[in-house]
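Using the sequences provided together with the hints, build the complete structure.
There are 2 protein chains.
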Amino acid sequence: MTTGQGMTPFASALDKKTMEHGTVLAPKFDEHGLIPAVVTHFDSGELLMVGFMNETALQRTIETGHAWYWSRSRQEYWKKGATSGQVQEVVEIRTDCDQDAIWLRVRVAGNGATCHVGYRSCFYRRVETDQNGQPHLVFAETERVYDPAEVYSSK
Amino acid sequence: MTTGQGMTPFASALDKKTMEHGTVLAPKFDEHGLIPAVVTHFDSGELLMVGFMNETALQRTIETGHAWYWSRSRQEYWKKGATSGQVQEVVEIRTDCDQDAIWLRVRVAGNGATCHVGYRSCFYRRVETDQNGQPHLVFAETERVYDPAEVYSSK
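Those sequence lines, one after another, are chains A and B.
Quick note: to get our numbering, add 56 to the position in the first sequence (first position is 1).
Quick note: to get our numbering, add 56 to the position in the second sequence (first position is 1).
None of these hints come from the bench; they were simulated from the model.
Fair warning: there could be bad hints in the mix.
What the hints assert, rightly or not - Cross-link-like lysine-lysine pairs, in silico, DSBU-like; alpha carbons within 35 angstroms at most:
#	chain 1	residue 1	chain 2	residue 2
1	A	K135	A	K84
2	A	K72	B	K73
3	A	K72	A	K135
4	B	K72	A	K84
5	A	K72	B	K84
6	B	K72	B	K135
7	B	K84	B	K72
8	A	K72	B	K72
9	B	K84	B	K73
10	A	K73	A	K84
11	A	K84	B	K84
12	B	K135	B	K84
13	A	K72	B	K135
14	A	K72	A	K84
15	A	K135	B	K84
16	A	K135	B	K72
17	B	K73	B	K135
18	B	K73	A	K73
19	A	K73	A	K135
Spelled out as structure tokens, the structure:
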């Protein structure tokens with residue numbers, strides 16, 4: 057795969073009007089060179105996950121049609137699904153008004169789950185508050201697609 | 057409004073199992089004290105915007121039922137809709153497996169738009185590539201809810 061090493065594939069430093077009303081892709085990466093990527097399922101619209109991309113991860117995603125991220129915890133490139141099979145086939149990429157966020161609309165290969173905990177979506181818990189206003193989590197999804205312990209355990 | 061100044065309202069430093077499988081809300085803020093918040097419309101499911109919250113903004117959102125953010129560009133608290141009327145009435149808040157992202161499911165007051173450019177969603181442009189693989193933007197939404205220039209211009 058050509059990743060354009062040494063190239064700066066995207067425009068930068070556009071004026072506000074061109075950034076918001078124009079047709080030039082000029083993603084604004086933060087001081088760590090990252091941009092958040094929101095991932096929804098193309099068919100159902102459900103929110104699946106949020107990841108972070110650097111310039112090369114975004115470029116690879118555009119070039120290959122599969123979602124690539126930069127793992128902040130592991131400090132390495134991460135092709136979603138490379139080990140799990142839960143590859144994200146990108147149907148559409150959007151950006152927002154000030155181009156500091158990416159939206160991927162995807163279909164999910166493999167077993168169809170996105171979350172490493174086994175749920176379709178990483179957002180399987182909602183926030184509720186008790187009578188004192190203290191927040192806690194409640195499971196909004198209770199059915200997992202798979203049990204990661206069974207998949208990855210070695211007998 | 058009580059914002060719990062001086063308090064640390066959320067748990068932190070949970071072990072991985074409790075973080076992923078438990079019911080304790082322990083949002084992971086980054087080194088700037090921020091967490092990305094994805095905002096979708098509760099009824100239509102459409103992705104409206106991505107913002108960033110610090111601990112107090114998240115706490116205010118939970119307490120008030122209206123979405124608060126931390127503006128990175130202006131370095132100040134930002135109640136969405138305070139000037140535009142496009143207040144986000146929060147129907148549900150979720151977090152993800154490792155609690156480093158927030159999902160707000162909202163209804164939008166005022167004229168129903170979310171984007172300051174006038175569109176319902178900030179994600180009104182998609183990425184397409186030309187025959188050389190070079191990316192550019194195409195308008196996915198063409199109808200604006202309002203023209204900000206007309207609203208804010210002083211005659």
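Evaluated hints:
1. A:K135 x A:K84: holds (21 angstroms)
2. A:K72 x B:K73: Violated, at about 44 angstroms.
3. A:K72 x A:K135: holds (33 angstroms)
4. B:K72 x A:K84: holds (32 angstroms)
5. A:K72 x B:K84: Cα-Cα ~32 angstroms, so holds.
6. B:K72 x B:K135: Between K72 (chain B) and K135 (chain B) the Cα gap is close to 33 angstroms, so the pair holds against 35 angstroms.
7. B:K84 x B:K72: Given pair K84 (chain B), K72 (chain B) holds - Cα atoms ~12 angstroms apart, limit 35 angstroms.
8. A:K72 x B:K72: violated (42 angstroms)
9. B:K84 x B:K73: This hinted pair holds, its Cα atoms lying about 15 angstroms apart.
10. A:K73 x A:K84: It holds: about 15 angstroms lies between the C-alpha atoms, which stays within 35 angstroms.
11. A:K84 x B:K84: Given pair K84 (chain A), K84 (chain B) holds - Cα atoms ~23 angstroms apart, limit 35 angstroms.
12. B:K135 x B:K84: holds (21 angstroms)
13. A:K72 x B:K135: Holds, at about 22 angstroms.
14. A:K72 x A:K84: holds (12 angstroms)
15. A:K135 x B:K84: Distance ~23 angstroms between K135 (chain A) and K84 (chain B) Cα, so the pair holds.
16. A:K135 x B:K72: holds (22 angstroms)
17. B:K73 x B:K135: holds (34 angstroms)
18. B:K73 x A:K73: violated (47 angstroms)
19. A:K73 x A:K135: holds (34 angstroms)
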